[in-house]
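J.: Heads up: the sequence lines are chains F and Z, in that order.
Our numbering applies: residue 1 is where the first sequence begins, and numbers increase by one.
Our numbering applies: residue 1 is where the second sequence begins, and numbers increase by one.
Please keep in mind that the hints were generated in silico from the structure rather than gathered at the bench.
Some clues are possibly wrong.
Short derived list, chain F residues pointing at chain Z, Cβ under 7 Å [what the hints assert, rightly or not]:
hint : residue
1    : Glu10
2    : Gly21
3    : Gly27
4    : Lys62
5    : Gln63
6    : Lys66
7    : Val68
8    : Asp69
9    : Val70
10   : Val71
11   : Ala164
Residues from chain Z that keep clear of chain F, each with C-beta distances beyond 12 Å, as calculated [claimed, not checked]:
hint : residue
12   : Lys195
13   : Lys221
14   : Gly231
15   : Glu483
16   : Gln544
17   : His559
18   : Ser565
Here chain F is said to cover these stretches of chain Z; the calculated rule only asks that three of the stretch's residues, wherever they fall, bring their Cβ under 8 Å from a Cβ of chain F [what the hints assert, rightly or not]:
hint : segment
19   : 26–34
20   : 179–187
From a predicted model like this one, the values you see are computed outputs, not experimental measurements.
Positions of the beta carbon are idealized from the N, C-alpha and C atoms, including for glycine.
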Amino acid sequence: MRHIISVLLENEAGALSRVAGLFSARGYNIESLTVAPTEDPSLSRMTLVTEGSERIIEQITKQLNKLVDVVKLLDLTEGAHIEREMMLIKVRADGSEGREEIKRLIDIFRGRIIDVTESTYTLELTGTGSKLDSFIEALGATTILETVRSGISGIARGDKSLHA
Amino acid sequence: MELNGAEILIRFLKDQGVEHVFGYPGGAVLYIYDELFKQEDVKHILVRHEQGATHAADGYARSTGKPGVVLVTSGPGATNAVTGIATAYMDSIPMVVITGQVNTWAIGSDAFQEVDAVGITRPCVKHNFLVKDVKDLAETLKKAFYVATTGRPGPVVVDVPKDVTMATTEYIFPETVEMRSYNPVVKGHPKQIKKAAELLLAAKRPMIYAGGGVVLGNGSKELIDFTRGLGAPITNTLMALGAYPATDDLFVGMLGMHGTYEANMAMHECDVLISVGARFDDRVVGQIEQFCPDATIIHIDIDPASISKSIVVDVPIVGDVATVLTDMIALIKDGKSGQDDKALKTWWSQINEWRSIDCLNYDRNSDKIKPQFAIEKLYEITNGDAYITSDVGQHQMWAAQYYKFDQPRRWINSGGLGTMGFGLPAAIGVQLAHPDATVACVTGDASIQMCIQELGTALQYNTPVKIISLNNRYMGMVRQWQEFFYESRYSQSYMETIPDFVKLAESYGHVGMRIEKPEDLEGAMKEAFAMKDRLVFMDIITDQTENVYPMIQAGKGHHEMHLSSERELA
Numbered sequence: 001m002r003h004i005i006s007v008l009l010e011n012e013a014g015a016l017s018r019v020a021g022l023f024s025a026r027g028y029n030i031e032s033l034t035v036a037p038t039e040d041p042s043l044s045r046m047t048l049v050t051e052g053s054e055r056i057i058e059q060i061t062k063q064l065n066k067l068v069d070v071v072k073l074l075d076l077t078e079g080a081h082i083e084r085e086m087m088l089i090k091v092r093a094d095g096s097e098g099r100e101e102i103k104r105l106i107d108i109f110r111g112r113i114i115d116v117t118e119s120t121y122t123l124e125l126t127g128t129g130s131k132l133d134s135f136i137e138a139l140g141a142t143t144i145l146e147t148v149r150s151g152i153s154g155i156a157r158g159d160k161s162l163h164a
Numbered sequence: 001m002e003l004n005g006a007e008i009l010i011r012f013l014k015d016q017g018v019e020h021v022f023g024y025p026g027g028a029v030l031y032i033y034d035e036l037f038k039q040e041d042v043k044h045i046l047v048r049h050e051q052g053a054t055h056a057a058d059g060y061a062r063s064t065g066k067p068g069v070v071l072v073t074s075g076p077g078a079t080n081a082v083t084g085i086a087t088a089y090m091d092s093i094p095m096v097v098i099t100g101q102v103n104t105w106a107i108g109s110d111a112f113q114e115v116d117a118v119g120i121t122r123p124c125v126k127h128n129f130l131v132k133d134v135k136d137l138a139e140t141l142k143k144a145f146y147v148a149t150t151g152r153p154g155p156v157v158v159d160v161p162k163d164v165t166m167a168t169t170e171y172i173f174p175e176t177v178e179m180r181s182y183n184p185v186v187k188g189h190p191k192q193i194k195k196a197a198e199l200l201l202a203a204k205r206p207m208i209y210a211g212g213g214v215v216l217g218n219g220s221k222e223l224i225d226f227t228r229g230l231g232a233p234i235t236n237t238l239m240a241l242g243a244y245p246a247t248d249d250l251f252v253g254m255l256g257m258h259g260t261y262e263a264n265m266a267m268h269e270c271d272v273l274i275s276v277g278a279r280f281d282d283r284v285v286g287q288i289e290q291f292c293p294d295a296t297i298i299h300i301d302i303d304p305a306s307i308s309k310s311i312v313v314d315v316p317i318v319g320d321v322a323t324v325l326t327d328m329i330a331l332i333k334d335g336k337s338g339q340d341d342k343a344l345k346t347w348w349s350q351i352n353e354w355r356s357i358d359c360l361n362y363d364r365n366s367d368k369i370k371p372q373f374a375i376e377k378l379y380e381i382t383n384g385d386a387y388i389t390s391d392v393g394q395h396q397m398w399a400a401q402y403y404k405f406d407q408p409r410r411w412i413n414s415g416g417l418g419t420m421g422f423g424l425p426a427a428i429g430v431q432l433a434h435p436d437a438t439v440a441c442v443t444g445d446a447s448i449q450m451c452i453q454e455l456g457t458a459l460q461y462n463t464p465v466k467i468i469s470l471n472n473r474y475m476g477m478v479r480q481w482q483e484f485f486y487e488s489r490y491s492q493s494y495m496e497t498i499p500d501f502v503k504l505a506e507s508y509g510h511v512g513m514r515i516e517k518p519e520d521l522e523g524a525m526k527e528a529f530a531m532k533d534r535l536v537f538m539d540i541i542t543d544q545t546e547n548v549y550p551m552i553q554a555g556k557g558h559h560e561m562h563l564s565s566e567r568e569l570a
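For reference, chain F alone in the conformation it holds in the complex (with noise of 0.2 Å):
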């Protein structure tokens, strides 16, 4: 099953490669992993996307609970919560009827156009993962130039927070 798990460590150099690593030298699988610091700059937030059975999910948390860097976790598929992606994508748009079509497009998915040339609108979209993908397969024959995902974010419903 999938699982976006919520980590809490030290914003120090090194403390991302030793979760990589941990995934790369345990065999675990990463769908997505963002990090940036929090509002506390000694602390930085990362969100992992992973996959496994619930016992591998298990052991993936105890061995980032080991980490001496880690303050904190929390495994967001445990209870109710929110996940956000953003993705920036360039698409071919010359023709006025196809033009049109993708203005039409974002607007139905709450996304924006924040660049456009003559020949090229680049478009900004924020939701789910499977939102993400929807909107990539809508567009059809469109022609896609370039697609960047920020990979997931995540936070709990309600009361519940992680903090150090």
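Knowing the structure of chain F, use the given hints to seat chain Z on it.
T.: For chain Z alone, kept in the frame of chain F given last:
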């Protein structure tokens, strides 16, 4: 007053109570070596190869419980230390390894003798640090010692660039350290402990399986009280030999691939198993599906990640073994009257039946020196009271089977990583920690050649280790596997040239002896151990074709043992 980084480092080691540092100088650590030269509190042991430094520090740590300290230079100094660091990591040995590094401004420029020591050691350390500012040096060193010695212990690397050792700052010894991200659990959960005690008291066929965690956590006394309180059979892993006394009636021997028949059968047939500080290693478990098929399993471990890693357990207890056992002893005592004495008696009569097979018997009338005989003699002549280090292979298994360790920290071997070359430098470290003790290194003709250069270190520091080399002119364990599983194709397991070990020992300034006949062994060994102030290299020419038994093939169940080439189980 401001001190430079090198002074701070040496002052810190002194204030931390470090007496011995095992190391080898080089360009990046010259300031540190200069400070070492100016003082006498911290004694430096100059090895002949950085691998030797790590193993010596490791032996020192295993035999004392104190962290071993290593100092090496950048680049090849650090890479040579990696094998020893990984060895300590696999066996959870507290160690602090200080590696020199090129100047901070040169890091990343492929400078002379530069390697990414933090990157290279990351997967084989408990934690590591790169010190970029002299102001952080003392605190980082304190953290290194704290992390290395608490929780599940392990090696910690501190990488110190050369310019940090020159830069100056104020020095205050940090008495304590706090790390918000590192808080090992000590006390076990009372509910879980109660549940475990109830299960054990209700068991008809209880079994105790003790591991290296008992030694590391100084829980031997508690383990003895607990085992006797329960009256259950107990087995020790390779890493735990001595944690429970081998000469005690409740002890059924080591378990696992080369464990005793009674220990493995008791594992297979038990109905409640308690693992105390053991990690269900593949050499112990064999085939996962057939492991303790009828048992409810309780597991005490300080490392939550060890629990249910390979074998799913029913009652996990995270905590320090000594603390958890203390809590459990009281509960066992209170509930003792409820124990099923009749069932326990039946269980013991079954175990004694297995014992009567005498699985460690061997041909005692051979005209060749049987390696088992050599270890039995070693046990007799040292009164079972020596510190025994070992290398890796057949000799290691025979030492584990035939030397009956009654105390913890006496059996010093590389269990997890299986590092050939460990034995001699480890013995030097043990002898330095215990100058008046008897220390022997059980080794083989292949293993000893991997760190043979440390014979020089042994002479320089007058460590009168006795090297018991079981010379079968083969890499015995490789040969044994090739005989069993590769139709006796002895591919590269035989060295056509091996040195004259007697002359080799003599050339290093030691005593060498060659023993070729069983009847000469006892006299020679007595003579060797009587030389209290000399290292003696005993080159014992053993039966070339002897194999280690009992044996469970990798991936087989505990009940599927081979007893010997002549004896098979029905």
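J.: All hints, please: hold or fail.
T.: To see whether the hints hold, each was checked on the structure:
1. Glu10: Holds: closest Cβ of chain Z sits about 6 Å from F/Glu10, inside 7 Å.
2. Gly21: At 6 Å from the nearest chain Z Cβ, F/Gly21 passes the 7 Å test, so the hint holds.
3. Gly27: 13 Å, violated
4. Lys62: F/Lys62 check passes; min Cβ-Cβ to chain Z is 4 Å, inside 7 Å.
5. Gln63: 5 Å, holds
6. Lys66: 5 Å, holds
7. Val68: Since chain Z brings a Cβ to about 4 Å from F/Val68, closer than 7 Å, the hint holds.
8. Asp69: F/Asp69 check passes; min Cβ-Cβ to chain Z is 6 Å, inside 7 Å.
9. Val70: 6 Å, holds
10. Val71: 4 Å, holds
11. Ala164: Holds, about 6 Å.
12. Lys195: For Z/Lys195, whose nearest Cβ neighbour in chain F is about 20 Å away, the distance exceeds 12 Å, so it holds.
13. Lys221: 28 Å, holds
14. Gly231: Consistent with the label, Z/Gly231 stays out of reach of chain F, its closest Cβ about 34 Å off (over 12 Å).
15. Glu483: Per Cβ check, Z/Glu483 is outside 12 Å of chain F; nearest 33 Å; holds.
16. Gln544: Holds: least Cβ distance 39 Å, greater than 12 Å.
17. His559: About 26 Å separates Z/His559 from the closest Cβ of chain F, which puts it past 12 Å; holds.
18. Ser565: Nearest chain F Cβ is 38 Å from Z/Ser565, so the label holds.
19. 26–34: With 0 residues closer than 8 Å to chain F, the segment 26–34 of chain Z misses the three-residue bar; violated.
20. 179–187: Coverage by chain F holds here, the residue count being 4 at a Cβ distance below 8 Å.
Consistency with the previously given hints fails for numbers 3, 19, ordered from lowest to highest.
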